[in-house]
Amino acid sequence: MTAREIVDLIKKNSGITWNERSTRDTFKMGDPDAEVKGIATTMMTTFDMLKRANQAGLNFVITHEGTWWNDRDDTKDLTTNPLYIKKAEFIQKNGMVIWRNHDGMHAMKQDYTVTATLRAIGVKGGENSSMRAPVLPFPEATLGEFASQVKRVSGIRAMRCVGDPKAKVGKVLFGPGYATPRMTPDTDVVVGGEQQEADGGFDNVEYVADAASLGIPKGLLMLGHVVSEQPGMEDFAKFLQTFIKGIPIQFVPAEEPFWT
Amino acid sequence: MKPAHISRRRFAQIAGSVAAAGLPIRGTTALTAQAVVERLQAALGGEWPAAGLDGFKAGDPSTTVKGIATTAMATMDVLKQAVKVGTNLVISYEPTFYGRQDGPPAASAAGRGGGRGFGGVTADDPVYQGKKEYIEKNGLVVFRLHDHWQSRKGDEMTAGLADMLGWSKNRIKPDDVLFEIPATTAEEVVAQIRKKLNLRGGLRAVGDRKAAVRRVMLYPGAVTPPTMWQRYTEADLMIAGEVREWENTYYAADIFSAGEKRGLVTIGRVVSEDPGMRACAAWLKTVVKEVPAHWIGAGDLYWRAV
Chain R
33 MTAREIVDLI KKNSGITWNE RSTRDTFKMG DPDAEVKGIA TTMMTTFDML
83 KRANQAGLNF VITHEGTWWN DRDDTKDLTT NPLYIKKAEF IQKNGMVIWR
133 NHDGMHAMKQ DYTVTATLRA IGVKGGENSS MRAPVLPFPE ATLGEFASQV
183 KRVSGIRAMR CVGDPKAKVG KVLFGPGYAT PRMTPDTDVV VGGEQQEADG
233 GFDNVEYVAD AASLGIPKGL LMLGHVVSEQ PGMEDFAKFL QTFIKGIPIQ
283 FVPAEEPFWT
Chain F
64 MKPAHISRRR FAQIAGSVAA AGLPIRGTTA LTAQAVVERL QAALGGEWPA
114 AGLDGFKAGD PSTTVKGIAT TAMATMDVLK QAVKVGTNLV ISYEPTFYGR
164 QDGPPAASAA GRGGGRGFGG VTADDPVYQG KKEYIEKNGL VVFRLHDHWQ
214 SRKGDEMTAG LADMLGWSKN RIKPDDVLFE IPATTAEEVV AQIRKKLNLR
264 GGLRAVGDRK AAVRRVMLYP GAVTPPTMWQ RYTEADLMIA GEVREWENTY
314 YAADIFSAGE KRGLVTIGRV VSEDPGMRAC AAWLKTVVKE VPAHWIGAGD
364 LYWRAV
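Chains as they are written, first to last, in our numbering: chain R, 33 to 292; chain F, 64 to 369.
The hints are simulated quantities; they were obtained by calculation from the structure and are not laboratory data.
A virtual CB, placed ideally from N, CA and C, is assigned to each residue, including glycine.
Heads up, some of the hints might be wrong.
Unchecked claim - Stretches of chain R that chain F covers, calculated by requiring three or more beta carbons in the stretch to come under 8 Å of a beta carbon on chain F:
| no. | stretch |
| --- | --- |
| 1 | 93-103 |
| 2 | 141-153 |
| 3 | 183-192 |
Said to hold, decoys possible - Below, in silico cross-link-like pairs of lysine-lysine (DSS-like), each with a Cα-Cα straight-line distance of 30 Å or less:
| no. | chain 1 | residue 1 | chain 2 | residue 2 |
| --- | --- | --- | --- | --- |
| 4 | F | Lys324 | R | Lys60 |
| 5 | F | Lys324 | R | Lys125 |
| 6 | F | Lys352 | R | Lys198 |
| 7 | R | Lys108 | F | Lys324 |
| 8 | R | Lys118 | F | Lys273 |
Please construct the entire structure, taking both the sequences and the accompanying hints into account.
Structure, rendered in structure tokens:
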């Protein structure tokens with residue numbers, strides 16, 4: 033099977049009217065008509081991830097986020113960039129093909145980036161959620177205890193927290209990646225990937241810090257963009273296995289690159 | 064944002080209003096927040112359109128100023144400290160009311176901010192109300208000074224950060240972001256930054272923590288991908304306020320995977336801007352001499368789970 037044929041199968045099986053005008057969900061490099069030896073699903077086509085996929089004999093990478101370090105994967109300013117050249121050469125030399133599935137995944141009735149992360153951070157009730165998860169209850173705890181639990185069960189290393197660690201909390205609103213939701217009146221803790229820290233549409237960081245100063249129990253957990261959606265690509269690999277047979281399909285995670 | 068040239072008419076307006084405020088005569092005319100702002104507007108120059116980001120965000124501009132506090136962000140904790148040290152005009156680089164809109168939407172736009180969209184805070188929000196009441200009860204006035212400080216005094220944000228990190232004398236070229244510091248390692252630089260900026264949980268680094276560091280770049284605020292692509296390899300360590308993780312952070316991660324030892328450290332947007340507002344307090348003292356000007360850092364608002 034070719035990469036293009038696999039992409040057509042994904043479009044047919046996602047249960048949505050595919051948006052063919054998406055600038056994100058396109059082939060990023062490699063020959064779409066190349067024979068696929070194995071599929072690697074990942075959160076982001078990092079150089080490190082490409083090396084591991086290649087080592088595992090997987091030449092078709094399905095990535096949720098970009099390859100060329102900007103949302104539109106625009107490469108016109110990168111053609112003479114040494115890192116771009118190195119990474120592109122690696123992809124081409126090893127006959128790899130890259131296709132992004134971002135908008136399509138978030139449009140699915142069940143958004144794996146949401147359902148899998150809610151499971152990974154130990155919050156129940158969002159098993160069939162779309163991209164816009166409802167506010168979900170969890171056993172009441174202090175914000176510090178809840179943050180510790182999220183860190184422990186998810187294995188995320190560089191999570192950042194805002195709010196009073198002693199505040200009693202019991203309702204969480206989650207959004208994946210850059211879709212960190214704004215705090216709402218019926219939410220105690222917002223959990224997201226990343227968000228501009230200030231001067232954006234709604235600045236959660238300042239809001240939650242001020243709530244703490246006023247004695248209003250609110251919290252914010254910023255997991256990191258990639259780790260906040262990454263478990264969804266493991267579930268997506270399992271989803272692919274239900275309609276693509278005879279080709280190895282593996283989840284190859286992007287690294288959480290931080291030290292603190 | 065490019066520096067705006069002050070028009071002749073606007074200059075006359077500002078000069079006129081400064082003169083009308085009668086500021087040089089101490090003790091005879093109360094120094095209002097409006098008068099202080101007009102004086103700093105005249106000193107910074109440029110156009111100050113009513114629809115711009117900079118302007119009064121809370122309080123009564125006719126309030127008599129006892130003292131001025133500058134900060135990267137007028138959080139509740141900053142406001143409390145401002146009151147404690149006897150200042151009542153707070154000059155904030157970032158918004159006060161949770162976003163660029165800096166408060167509830169105008170009545171005509173009501174309804175747009177509902178749901179989980181990214182409209183501003185709602186007028187009945189308890190945190191918004193609590194903060195607004197605190198400001199009113201304590202007679203505070205909050206003015207946002209962002210675009211004009213950045214465009215007219217663009218280098219102060221970088222110079223202020225370098226100064227707090229003890230690197231003022233290490234700059235390679237004037238007005239540039241590149242510094243050469245005594246040979247050390249990435250984790251040593253991070254330890255220094257943590258100590259000097261009094262950081263808590265917001266710092267994250269990418270690359271080899273043992274990497275040798277001589278050249279560093281300072282980017283208070285945010286760094287865009289094109290800037291990063293152009294300049295990243297000029298230094299051993301890029302130190303920025305914030306970046307987009309799925310863009311810049313993984314550029315740094317990929318460079319590291321490609322075998323280069325250089326690294327990226329993000330310290331947090333607000334903490335990276337605090338030092339530039341310390342420089343603003345020092346500058347204000349040269350423009351407004353009648354009342355004290357203090358810097359109150361907003362600080363690192365993040366902590367780490369244990």
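Open item on the list: Please verify the coverage claim for the stretch 141-153 of chain R: does it have three or more residues whose C-beta sits within 8 Å of some C-beta in chain F?
Closed with: violated (count 0)
Open item on the list: Just to be careful, I want the Cα atoms of Lys324/F and Lys125/R compared with a cutoff of 30 Å; is the pair within it?
Closed with: Since the Cα atoms of Lys324/F and Lys125/R sit roughly 24 Å apart, the hinted pair holds (cutoff 30 Å).
Open item on the list: Against the 30 Å threshold, does the CA-CA distance of Lys324/F and Lys60/R hold or violate the hint?
Closed with: Cα-Cα ~27 Å, so holds.
Task: Agreement of Lys108/R and Lys324/F with the hint, judged by alpha carbon distance not exceeding 30 Å - done: holds, 26 Å
- [ ] With a cut-off of 30 Å on the C-alpha distance, tell me whether Lys118/R and Lys273/F pass.
- [x] holds, 24 Å
Open item on the list: Does Lys198/R sit within 30 Å of Lys352/F, going by the straight-line distance between their CA atoms?
Closed with: violated, 43 Å
Task: Per-stretch coverage check for the stretch 93-103 of chain R, three Cβ contacts closer than 8 Å to chain F - done: Per the Cβ count (5), the hint holds.
Open item on the list: How does the stretch 183-192 of chain R fare against chain F when you require at least three residues with a CB closer than 8 Å, holds or violated?
Closed with: holds (count 4)
Consistency note: the structure conflicts with the earlier hints numbered 2, 6.
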